Amino acid sequence: MRRPCPWARPWVHTAALIGAAVVGVLSALVAFAETLSADLPARLSETGLYAAGSGGMSVGVLAYAPQYPLWSDGAGKRRWIRLPPGTAIDATDPDAWSFPVGTRLWKEFGYGRPVETRMIERAADGSWRYATYLWNVDGSDAVLAPEKGAVVDVAEAPGGRYVLPSRNDCRACHEGAAVPVLGFSALQLSPDRDPLAPHAEPLAPRMVDLETLAAGGLLENLPDALHRSPPRVRAGEPHARAALGYLHANCGHCHNDAGALDGLQMVLAQRTAPGSDSVAATLDSLLGRSSRFRPNGADSAQRIAADGHHMLTMRMRTANPFARMPPLGVQTVDETGVALVERWIADELENHTGAEP
Amino acid sequence: MIRESSFLAAALAGSLAFAVPMAQADDTAGKLARGEYLVTTSACNDCHTPWKMGANGPEPDMSRMLSGHPQDLELPAPPQPVGPWVTAVTASNTAWAGPWGTSFTANLTPDPDTGLGRWTLRNFVETMRTGRHMGRGRPVLPPMPVAMYRHLSDQDLEAMFVYLRSIPAVPNRVPEPLPPAPEG
Numbered sequence: 000m001r002r003p004c005p006w007a008r009p010w011v012h013t014a015a016l017i018g019a020a021v022v023g024v025l026s027a028l029v030a031f032a033e034t035l036s037a038d039l040p041a042r043l044s045e046t047g048l049y050a051a052g053s054g055g056m057s058v059g060v061l062a063y064a065p066q067y068p069l070w071s072d073g074a075g076k077r078r079w080i081r082l083p084p085g086t087a088i089d090a091t092d093p094d095a096w097s098f099p100v101g102t103r104l105w106k107e108f109g110y111g112r113p114v115e116t117r118m119i120e121r122a123a124d125g126s127w128r129y130a131t132y133l134w135n136v137d138g139s140d141a142v143l144a145p146e147k148g149a150v151v152d153v154a155e156a157p158g159g160r161y162v163l164p165s166r167n168d169c170r171a172c173h174e175g176a177a178v179p180v181l182g183f184s185a186l187q188l189s190p191d192r193d194p195l196a197p198h199a200e201p202l203a204p205r206m207v208d209l210e211t212l213a214a215g216g217l218l219e220n221l222p223d224a225l226h227r228s229p230p231r232v233r234a235g236e237p238h239a240r241a242a243l244g245y246l247h248a249n250c251g252h253c254h255n256d257a258g259a260l261d262g263l264q265m266v267l268a269q270r271t272a273p274g275s276d277s278v279a280a281t282l283d284s285l286l287g288r289s290s291r292f293r294p295n296g297a298d299s300a301q302r303i304a305a306d307g308h309h310m311l312t313m314r315m316r317t318a319n320p321f322a323r324m325p326p327l328g329v330q331t332v333d334e335t336g337v338a339l340v341e342r343w344i345a346d347e348l349e350n351h352t353g354a355e356p
Numbered sequence: 000m001i002r003e004s005s006f007l008a009a010a011l012a013g014s015l016a017f018a019v020p021m022a023q024a025d026d027t028a029g030k031l032a033r034g035e036y037l038v039t040t041s042a043c044n045d046c047h048t049p050w051k052m053g054a055n056g057p058e059p060d061m062s063r064m065l066s067g068h069p070q071d072l073e074l075p076a077p078p079q080p081v082g083p084w085v086t087a088v089t090a091s092n093t094a095w096a097g098p099w100g101t102s103f104t105a106n107l108t109p110d111p112d113t114g115l116g117r118w119t120l121r122n123f124v125e126t127m128r129t130g131r132h133m134g135r136g137r138p139v140l141p142p143m144p145v146a147m148y149r150h151l152s153d154q155d156l157e158a159m160f161v162y163l164r165s166i167p168a169v170p171n172r173v174p175e176p177l178p179p180a181p182e183g
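First to last, the protein sequences are chains A and B. Counting with numbering that gives the first Met the number 0, you get residues 0 to 356 for the letters of the first sequence. Counting with numbering that gives the first Met the number 0, you get residues 0 to 183 for the letters of the second sequence.
Calculated directly from the structure, the hints in this document are not laboratory data. Careful, some of the hints might be misleading.
Said to hold, decoys possible - Derived Cβ-Cβ restraints for the label pairs, each shown as a range: (1) Asp276/A to Gly53/B: 30 to 40 Å; (2) Val150/A to Pro141/B: 14 to 24 Å; (3) Ser275/A to Ala42/B: 39 to 49 Å; (4) Glu146/A to Asp45/B: 26 to 36 Å; (5) Asp124/A to Thr119/B: 22 to 32 Å; (6) Glu347/A to Pro181/B: 28 to 38 Å; (7) Arg42/A to Gln79/B: 40 to 50 Å; (8) Ala318/A to Leu74/B: 19 to 29 Å.
What the hints assert, rightly or not - A few chain B positions that, by computed beta-carbon distances, are all more than 12 Å from chain A: (9) Ala54; (10) Val88; (11) Trp118; (12) Thr129.
Predicted model, so just to flag it, every value in this text is computed and none were measured. Every residue, glycine too, gets a C-beta built ideally from N, C-alpha and C.
Excised from the complex, chain B in its bound form:
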């Protein structure tokens, strides 16, 4: 009887030891899949992946997926807006100029020096919630739709972050945003 109990306990312990990592793996895989789904359907690539001219017209350059505005793309000053047309955007879709100044889309890859490599989940979630860089720095600028994304659930934001940490790191130092040119 005692031997049977010991055997059952050992079997149960073994099953649990096996089940817990399996559950964690399932959980991680689930987050990755959910994060990939959200990132690819929430228009992240529209601005954070540089666009190029392909055979069938403009398309995102997935060799530089989500790496933000290319550091080697030198730009002249943006055109002055006229009338109700107030925004200018580069062909790469990564630099935007408007009344707020000029913004460059961020490197979302896990590169430690130029991307999100040193960010924590908390930094990412708080950026979305507050609309401030790392949750407490400068404002996140247009066209980033933080006003909408701040309504994503904690679970969805975590899934997006887990997925972004899994994509290839691309070293690319995105320029700092520029304030509006002085009037006059």
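Bound conformation, chain A alone:
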């Protein structure tokens, strides 16, 4: 009588598991490939965000929430990322992640119901392309918006109108930084979340952060120092940390030292790379610095001024659409966010402007 090999069944079991995994990966690859095309998908349901027919998310779609959200006129937002199967983000430069070709990110904007979902995708040539989808009122799907953008009536939005950006507007914001992916970075996904961040959303179950991305093999080469000590804004006081984080998220995608506007020498983006001191760079770019923008009739203007006329916050508060910052995606002032920055300036900076009032 032959005794069954004690390893036989385990091997069968393992082979079955491997086979199933291979089939699963292949299926995911096929499904992923089907969502890629030279033309932008005409409908959101064709972008690979949702699983066909189920109403749920596709396999591999991961939800996330940055610790410092961008102010978008109070719209509710949800965000997702999907990497091509078998790929990972290269975090060698922790402040300029390299995303694999085929990476897609989505952000949904809504006022009680979804209104718009934006998508960016890394194309085969390494560039990024942008699309925005306008939701049907019944919430059944969203259709590709015109390249020039659109303005639609949404009763719940400020002023009853909602602006969908043009593709050029997408590029204007996203391509002003070292990497066009905003809000999905070492600082934004740090597990060391800032409890004072304005409008922050709590991490929901199954949302990814820096730890879970790395543990899942979706993030590679993150410097060990950031594993040991999760990235955070290196400010001394809690309100300074939150204010600098707010400026990072709302202004730093243009005002940084690595992108198109580095010539302005205004650094509001924070870095996490070991040894970097971006808080000092921010202070150096604000204190005692003239503002290129000068209100009509003024002889001079300072980014942070001894007399309290700070161009930094004046431009965040103004109703003048030609002077308002950010210049895109905002119709109403973020009172909470601006008040935080004003408090930080009053508490810590006004006595260090390097000028007499």
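Got chain A sorted already, so can you dock chain B onto it with the hints?
Frame of chain A; chain B shown alone:
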């Protein structure tokens, strides 16, 4: 034989060393000429150079070439448009009022504080492509025809920028644009 080869190599290297700067000079000269041609034929002076009344009528004041709306030109509020006539323009041709508000033509000279002196080629190209100040700020306003100029090639935009960097810098702080007056 070896000496001949060395001599030829040295001569070739010398020729290349001479040829590369020559090629660069030719390239720069070519861009300057192309840029001057484009700037002078694309109506840039019509609005970015202040106009004055000359002996033969209005003409651009080339002593202030491409320096934009004069900072010392104080203006009253623009007239309210009536009927189908919706735009008002100053005699200098540098301040325009319409439904978008009031716009003042920019200083395109290389002055570092008030002109394009701190701009990069990328800032210039992206302004034309996106219709936004420095490629990502406020909208570039009428009458600037960015809808047409955005179709210029990268090479032509670079040539225009190279030429604009070569003209005399004129310190002139152009006012910021004004939004439309509130209705009512």
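Go through the numbered hints given earlier and state which of them the structure violates, listing their numbers in rising order. Checked against the structure, the hints that fail are numbers 1, 11 and 12, while the rest are satisfied.
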